Amino acid sequence: MEISNLDLKVWRGDAEGGELVSYRVPVREGMVVLDAVLWVQANMASDLAVRWNCKAAKCGSCSAEVQGFPRLMCKTPIADYGNEVTVRPMKAFPLIKDLVTDVSWNYEVNKEIPPFTPSEKDLATSEPWRMQQQDVERSMEFRKCIECFLCQDVCHVVRAHDLKSAFYGPRFFARIASLEMHPKDVLDRRPLLKGKAGLGLCNVTKCCTEVCPEHIKITDNAIIPLKERMDDVYFDPLRSLIRVLGGRGRSPKTN
Amino acid sequence: MDLVNATYETVETDVLVLGAGGAGLRGAIAAAEGGARVLVVCKSLLGKAHTVMAEGGVAAAMHNVAYQDSWEVHFADTMKGGKLINDWRMAELHAKESPERVLELERWGAVFDRTWQGRIHQRPFGAHTYPRLAHIGDRTGLELIRTLQDRAVHTKGVDVHMEVTVFKLFKAGGKVAGALAYRRSDGSLILYRCAALVLASGGTGKMYRVTSNSWESTGDGTALAYEAGAELRDMEMVQFHPTGMVWPAGVRGILVTEGVRGEGGVLRNKDGERFMERYDHERMELSSRDVVARAINSEVLAGRGTPHGGAFLDITHRKPEFIKSKLPSMYEQFLKLAKVDITKQPMEVAPTIHYAMGGVRVDAETGASTVPGLFAAGEVASGLHGANRLGGNSLSDLLVFGKRAGDAAAEAARVGNAARSDIDQADIEGAITELMSPLDRPEGENPYKLMVEIQDMMSEHAPIVRDEAGLTSGLEKIGSFRERALVCGTGGNNTLAFNPGWHTAHDLRSLLVNAEALLRSGLMRRESRGAHARSDYPRPDDQLAAVNFVVEKSASGMHVRPEQRAPMPGYLADQVQRSYARYTPEETE
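These protein sequences, in sequence, are chains A and B. Quick note on this note's numbering: the first sequence kicks off at 295 and runs consecutively. Quick note on this note's numbering: the second sequence kicks off at 120 and runs consecutively.
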């Protein structure tokens, strides 16, 4: 087996500051970026901070920016880059140390989304539910999400404008879509989408879809249908007219 | 390290849960519903626990696909798969309750694959008589953990501390009263005080180099329980999953789901022979995992292995669309990591360390360990799987016994809260000194390298087929490894801020408790049974079928004793004796 050396540049530092540090790593066939980072940790920099778990693109822990592109390190072969690779932490989140960022904002957002809510009737029945495969498949696409938060990292609303307080981000639009499109869910989350979730801030540049390691079509299949649902209620001129003429009051209450 | 400044924050709760995989989350939900304040502590971020790696499905006799299935058949399959050393009461509860636990998940929002009638679909799996695994493509574990995670964070009374590692358990008045832990991000210390504690910390696969387990699986739970005086059981029983990736070297050990064989994948040696014919003519590729793993091992040893020392796993006879819909993450995994298109080419696979059947000895009904106030559920507990776990029985294990342990812990907390004793201050200070000590010697031995040495020792002395000489010489090395681990450094840096070198130094201690227990128990089980295969005792010994080996800490070190199990009651023994009609699937593709 041919062994060559890789020049791995890893961003080292914390919230106070830091720099790219170069490490020479012996390359094995089939090596991925995470292997190289863990080799450095075991052999050259024992306190190099990095998150990882499954090493098989199933847990979404090892997110980072490889050559400036948000990726899972466990799924990114060194061979795709030649003999020089630069790895930086995700930029959209506050840095803890080296490649580890504070992603707790995502967990806070998730808590705000009303969970799966079936009807009283479905809850009351003791019979197992019946659902058809084609009806559950729409929801399933979004349930593939492994919460790597790469879509949050790349989204310019979060990354460039830091509007975390007014915007849930693509991960949680996919989450809301998975609930809204669940055949047994009866809750209406459109007021949330218009309000606190800030769906209107998304201008469908599809960056999130591009970085998704699970190939979820976040923009086309989650965000755009959600926008359509939201607009149906709030911005459809015909409906607004009917509402006004019919005297049925204002738009639904916004959170 | 300046110990005067090593202060800690004290956090009070009723029930402390260690681990946020399926068992921990299900336990937390149960305990909170039982009225307890619950705190879940996990080493990684929430939702990243090993449960997400479970691919194939969750076993539950719902008879949606094969009407003949029932809890009795599931029970019999589990016992036979475990070579009859299972705790039969656990196997009974598990088979009876898993359908209810799966349906409950659906009511919490989980979305399973469906049958044409709209019921939860069930796929065939190794050593299950009937198609029994409820699944979502090949990402069942992810669905399970996400559903439980969302349920838990929206359950009143449940709080989660992420990226916190527990270092030591404390007892007061003979009962578990709390734990010392550190935050991985900044090394700050937390003293948890609780009335009951549920271990749901998973397995110990990092004892070996080639494993499907992550860095987290260092056997912390078994080690913490052992140090607190709890009994461990069946520690010689670790499962080699037959199919891990072997090539390229960087991905060696990563799991290839049994679902591939469940969906029709066949194993061949380098001569193209479907060799399972010679090992289990009846069940072929869907034999139990211990049998398939040893078969692949034997083929390789006989010189019939693939170029990289494994077997070929071939599913190319299925249509590409079928493969992509039933095994999407396998398709993706091989395409990306090995540049193999599994719809056109066979996969190369070899056994990889996957699961610990042994663990903390628990009461079947409640998950109570032998230490008051200490409970265990999931992989860290023992009993359900005996000498070999069937695929799909781990996810159902987490749900059934996670709930039972959570219920019991809430009850114990209700009773225990009235009479809490204080943790001895000297215990706390002693533990802090021990925890901080590697930071005093950053230039000491590198913990990462020491871990690799331990892993290589275990691969050499406790491999898939073991013998007296190997196990004995392995055991002789344990003492010096322990001494080295006690004085090892951090790999060169003494920062408290997210310092994996420091964290690894402590993981070694847990690994060594598990390794020693495995070697000692393995020496005592002079027979071959399930996952424990001995070349010097190649047959099962009927007398040992009634025996479990129990590990306990004693004044003179680790002590292992054989213990007779109570015989199975007649109504259960009858089920194991019965033979069931074989299932003949219709071609549904």
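Hints are computed from structural coordinates only; laboratory data are not their basis. These numbers come from a predicted model, not from an experiment. Mixed in with the good hints, there may be bad ones.
[What the hints assert, rightly or not] Pairs of lysine to aspartate or glutamate, EDC-like flavour, derived with a Cα cap of 20 Å:
1. 488(A) to 406(A)
2. 369(A) to 278(B)
3. 415(A) to 451(B)
4. 415(A) to 219(B)
5. 455(B) to 374(A)
6. 405(A) to 219(B)
7. 478(A) to 152(B)
8. 415(A) to 223(B)
9. 455(B) to 402(A)
10. 275(B) to 374(A)
11. 275(B) to 526(B)
12. 458(B) to 374(A)
13. 405(A) to 451(B)
14. 369(A) to 460(B)
15. 275(B) to 402(A)
16. 511(A) to 278(B)
17. 443(B) to 323(A)
18. 215(B) to 421(A)
19. 458(B) to 323(A)
20. 478(A) to 225(B)
21. 443(B) to 406(A)
22. 478(A) to 526(B)
23. 490(A) to 504(A)
24. 405(A) to 392(B)
25. 455(B) to 504(A)
[What the hints assert, rightly or not] Per the computed footprint, the stretches of chain A lying under chain B, defined by three or more beta-carbons under 8 Å from a beta-carbon of chain B, are:
26. 312–324
27. 399–407
Every residue gets a Cβ at the ideal spot worked out from N, C-alpha and C, and that includes glycine.
Note to self: So if I understand the rule, the pair passes when the alpha-carbon distance is 20 Å or less; does residue 405(A) with residue 451(B) pass?
What the structure shows: 31 Å, violated
Note to self: Hinted pair, alpha-carbon criterion (20 Å max): residue 455(B), residue 402(A). Please report holds or violated.
What the structure shows: 33 Å, violated
Note to self: Checking one constraint from the list: CA of residue 275(B) to CA of residue 374(A), max 20 Å. Satisfied?
What the structure shows: 47 Å, violated
Next item on the list: For the pair we were handed, residue 275(B) and residue 526(B), check the Cα-Cα distance against 20 Å.
Entry: With a Cα-Cα distance of about 15 Å, the restraint between residue 275(B) and residue 526(B) holds, given a limit of 20 Å.
Margin query: What's the verdict on residue 458(B) and residue 323(A), does the C-alpha distance respect the 20 Å limit or exceed it?
Written below: Holds, because 12 Å separates the two Cα atoms, which is no more than 20 Å.
Item checked: Proposed proximity, residue 504(A) with residue 455(B) (alpha carbon, max 20 Å) -> 16 Å, holds
Margin query: Hinted pair, alpha-carbon criterion (20 Å max): residue 275(B), residue 402(A). Please report holds or violated.
Written below: 15 Å, holds
Margin query: For residue 478(A) and residue 225(B), compute the direct alpha-carbon distance and say whether it is at most 20 Å.
Written below: Distance ~10 Å between residue 478(A) and residue 225(B) Cα, so the pair holds.
Checklist line | 20 Å Cα cutoff - pair residue 443(B), residue 406(A) | finding: 35 Å, violated
Check: Okay, the segment 312–324 of chain A and chain B, do three or more residues pass the C-beta test at under 8 Å?
Finding: holds (count 3)
Next item on the list: Verify the proposed pairing of residue 511(A) with residue 278(B), using a straight-line Cα cut of 20 Å.
Entry: At roughly 33 Å apart (the allowed maximum being 20 Å), residue 278(B) and residue 511(A) break the hint.
Margin query: Need the status of pair residue 415(A), residue 451(B): alpha-carbon distance at most 20 Å?
Written below: Given that 20 Å is the threshold and the Cα spacing comes to 40 Å, the pair is violated.
Of the hints listed earlier, those the structure fails to meet are numbers 2, 3, 6, 7, 9, 10, 13, 16, 17, 21, 22, 23, 24, in rising order.
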